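Colleague: Just so you know, the protein sequences line up as chains A and V, in that order. Its first residue numbered 191, the first sequence is counted upward by one per residue in the numbering used here. Its first residue numbered 8, the second sequence is counted upward by one per residue in the numbering used here.
Calculated directly from the structure, the hints in this document are not laboratory data. Hints may contain errors.
Claimed, not checked - Keeping only pairs whose Cα atoms sit at most 27 Å apart, straight-line, the calculated DSS-like set for lysine-lysine is:
1) A/Lys192 - A/Lys232
2) V/Lys18 - A/Lys192
3) V/Lys64 - A/Lys269
4) A/Lys269 - A/Lys235
5) V/Lys18 - A/Lys232
6) A/Lys235 - V/Lys18
7) A/Lys232 - A/Lys269
8) V/Lys60 - V/Lys77
9) V/Lys77 - V/Lys64
10) A/Lys235 - A/Lys192
11) V/Lys18 - V/Lys64
12) A/Lys232 - V/Lys64
13) V/Lys77 - V/Lys18
14) A/Lys192 - V/Lys64
All values reported here derive from a predicted model rather than from experimental measurement.
In case you want the letters, here they are:
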Amino acid sequence: RKEVEQDPGPFNVPEGATVAFNCTYSNSASQSFFWYRQDCRKEPKLLMSVYSSGNEDGRFTAQLNRASQYISLLIRDSKLSDSATYLCVVKSSGGSYIPTFGRGTSLIVHP
Amino acid sequence: DAGITQSPRHKVTETGTPVTLRCHQTENHRYMYWYRQDPGHGLRLIHYSYGVKDTDKGEVSDGYSVSRSKTEDFLLTLESATSSQTSVYFCAIEGTGGREQFFGPGTRLTVL
Chain A
191 RKEVEQDPGP
201 FNVPEGATVA
211 FNCTYSNSAS
221 QSFFWYRQDC
231 RKEPKLLMSV
241 YSSGNEDGRF
251 TAQLNRASQY
261 ISLLIRDSKL
271 SDSATYLCVV
281 KSSGGSYIPT
291 FGRGTSLIVH
301 P
Chain V
8 DAGITQSPRH
18 KVTETGTPVT
28 LRCHQTENHR
38 YMYWYRQDPG
48 HGLRLIHYSY
58 GVKDTDKGEV
68 SDGYSVSRSK
78 TEDFLLTLES
88 ATSSQTSVYF
98 CAIEGTGGRE
108 QFFGPGTRLT
118 VL
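Required output: the full structure, derived from the provided sequences and hints.
Modeller: Shown next, in the form of structure tokens:
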């Protein structure tokens with residue numbers, strides 16, 4: 191079982207739709223969680239960190255469920271420019287600074 | 008911008024030749040990383056560094072070596088390039104908070 195798993199999609203949604211992605215992780219010692227966005231042929235860029243209490247940044251909401259070991263990303267009022275691949279990233283405690291990346295979920299927003 | 012550059016941005020080389028990719032940062036961060044990204048595999052860690060001359064292997068380190076003689080530079084060397092090393096290579100640094108990473112623009116390497 192891969193340490194961090196994501197549904198690869200693609201998620202194909204119309205503009206204005208709400209879409210949600212989940213990401214599951216296997217290491218219960220994981221401490222830090224992130225969502226990155228990657229555009230085609232570009233580098234991954236940090237979208238948002240995920241805090242235990244959940245956090246929101248405009249149309250984007252991230253949540254953490256430690257009991258079930260998953261994080262989620264909700265995008266409201268989807269824009270064409272939201273089309274990208276969304277990477278889930280998990281870091282564990284214990285002195286290692288090595289993050290584990292999911293393979294990404296592809297989102298296509300169409301007119 | 009996190010002040011990370013990679014060079015070259017594109018390279019085509021032949022099987023068996025040595026190749027060195029450079030990552031340069033202007034932020035004086037301690038941790039630096041080299042990843043490769045391939046379809047179906049996502050980002051995979053090759054090597055990382057936690058200080059000058061301090062490096063360690065990642066999950067796909069075979070066929071690669073690294074060096075870090077200065078804080079700002081992290082070099083990735085393919086000793087004898089193979090076609091299986093055709094990939095996009097990303098360098099990353101750890102942010103000031105020691106949590107998130109910031110990536111360079113990538114190097115697209117083709118080994119013929």
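Colleague: Each of the hints needs a verdict: does it hold here or not?
Modeller: Now for the hints, and whether the structure bears them out:
1. A/Lys192 - A/Lys232: Status holds; Cα separation ~24 Å.
2. V/Lys18 - A/Lys192: Distance of about 32 Å is beyond 27 Å: violated.
3. V/Lys64 - A/Lys269: The given pair, whose Cα atoms are some 40 Å apart, is violated under the 27 Å limit.
4. A/Lys269 - A/Lys235: OK: A/Lys269 and A/Lys235 at ~18 Å, within 27 Å.
5. V/Lys18 - A/Lys232: holds (16 Å)
6. A/Lys235 - V/Lys18: holds (23 Å)
7. A/Lys232 - A/Lys269: Roughly 19 Å separates the two Cα atoms, so the pair holds.
8. V/Lys60 - V/Lys77: holds (8 Å)
9. V/Lys77 - V/Lys64: holds (19 Å)
10. A/Lys235 - A/Lys192: holds (22 Å)
11. V/Lys18 - V/Lys64: Answer holds: V/Lys18 to V/Lys64 is near 24 Å, not above 27 Å.
12. A/Lys232 - V/Lys64: holds (25 Å)
13. V/Lys77 - V/Lys18: Within the cut-off at roughly 24 Å; holds.
14. A/Lys192 - V/Lys64: Holds, at about 19 Å.
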